[in-house]
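Could you slot chain S onto chain L? The hints should help.
There are 2 protein chains.
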Amino acid sequence: MLVGVGLMPHGNPVLEPEDEETKRLAEVLREIGEKFRDVDAYILISPHNVRMSDHLGIVLAENLVSWLGFEGKEIPGEWKTDRELAERIYQAEKEAGMPVVDLNFASLRGEYSRWPLSWGELIPLNFLDKKPLVLITPTREVSRETLVKFGEVLGDVIESAEKRIVLIVSADHGHAHDENGPYGLRKESETYDRLIMELINENRLEELLRVPEELVRNALVDSYWQMLIMLGAMRKAEFELKESAYACPTYFGMAGALWVRKG
Amino acid sequence: MLVGVGLMPHGNPVLEPEDEETKRLAEVLREIGEKFRDVDAYILISPHNVRMSDHLGIVLAENLVSWLGFEGKEIPGEWKTDRELAERIYQAEKEAGMPVVDLNFASLRGEYSRWPLSWGELIPLNFLDKKPLVLITPTREVSRETLVKFGEVLGDVIESAEKRIVLIVSADHGHAHDENGPYGLRKESETYDRLIMELINENRLEELLRVPEELVRNALVDSYWQMLIMLGAMRKAEFELKESAYACPTYFGMAGALWVRKG
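Those sequence lines, one after another, are chains L and S.
In case it helps, my numbering puts the first sequence at residues 3 to 265.
In case it helps, my numbering puts the second sequence at residues 3 to 265.
No false leads were slipped in.
Copies of one chain are not kept apart here, so a pair can be met inside one copy or by any two copies together.
SDA-like mimics (lysine to any residue), calculated; alpha carbons at most 25 angstroms apart, straight line:
hint, residue 1, residue 2
1, K96, E147
2, K75, L110
3, K75, N65
4, K75, G112
5, K37, E22
6, K189, E208
7, K189, L110
8, K151, G99
9, K75, S109
10, K82, P184
11, K96, S145
I should point out that these hints are in silico values taken from the structure, not numbers from a laboratory.
The shape of chain L in the complex, shown without the other chains (with noise of 0.2 angstroms):
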């Protein structure tokens, strides 16, 4: 059953906010960790992992380790996937007819069944109580509608589960927020991050699906994919929004937002 989900950013800067817009944010960031605490397993969906054009992934692989930080930000950690619903996930979507493929490194079982981590992971992960994970990887060159309905499937997958699950999605929002930033100013970021944060706020997800793909491309985001995801899954339950909170410390927009299965 998914009993909740998270959208988390995986900025550095939510790990030391300095501004009260990020301490907030963190605030959320925690908030979401303690509500989630006693759930079995989570399934975090990140743009930072492998990155194929085409195909999502599935992470089979036992042992998820911390590999790779952002700008020397280290969050050492070794995490455990929850292999079997990992398989009933891939299963799925492969039977639905998604791009999809399983993903394992080394050696199929045991202790050399290992993934790396990267910030994208590690970030929203350092908020979360130690669970098992099931790590999915998006794509961005298929149709929204297969991204929606990756999430309709998977959705289906959770419900359908004895254990209590919560989706984290892990994401940043425009990038191109600071004329001294690496991506420097376009108005589409300030754009795309305003109408992704109404869309949050007034309980209006599905008009995700309306964004227009000039805008998604220009605004340099990593979040509209997973986001799709995201949409396909809620559509399996009713979900009432918590908390929410923005901040843009630096060049890119960060995003955290807790929903809570009704009911």
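Positioned in the frame of chain L, the structure of chain S alone reads:
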């Protein structure tokens, strides 16, 4: 142009060989390194990197980084991907309808575009001069014809390249050679290994396609699938076997073979 092919094991014993057979095998591996010292790039097929059930992978990540040794035997180092060649191979395989994905990690370009290496790559690389690489991962749940075809497409791309390229196939053979080993003793491991060495030494590689499926499965090998890719690539030119050796100092069989393009 494909200037040669090296079949290389990835078992720790070749790093510090103790018996005469393994010393001879290590000598052949050093000769492979010596012979190909002046080439421009290696294409390395390894069964102990990413493992996907029914898709082959082409690593596009720019930096290939030592990550995982076997039984504590670490071989540090970093290599660069020949990105242009990797992209050409990926595109050609996609256009040929092959089940293939491009593999990147964390970032699409630059210092954070990184990929982990295991003993499956590091042990062969230990015997080779440092060159740009294209890392390819095989798969087991596709037809033999698909693997050979993948190799043929790979061979076409290599042949059309200006660069002097070597194909390195990382492979160990039967894993049930020792009743006290992790997989026990199976007659099929001995049968398979003897057959493979015959096919190599008697220039009968085409007969790989006639090895019974049951023998491949029961011998517990991790060589067969990447050797079919090798077979496909080697169909694109004429090669002469210069050296070969076999050793089985522990529970798994290891083979080395050096082929050089004729004329």
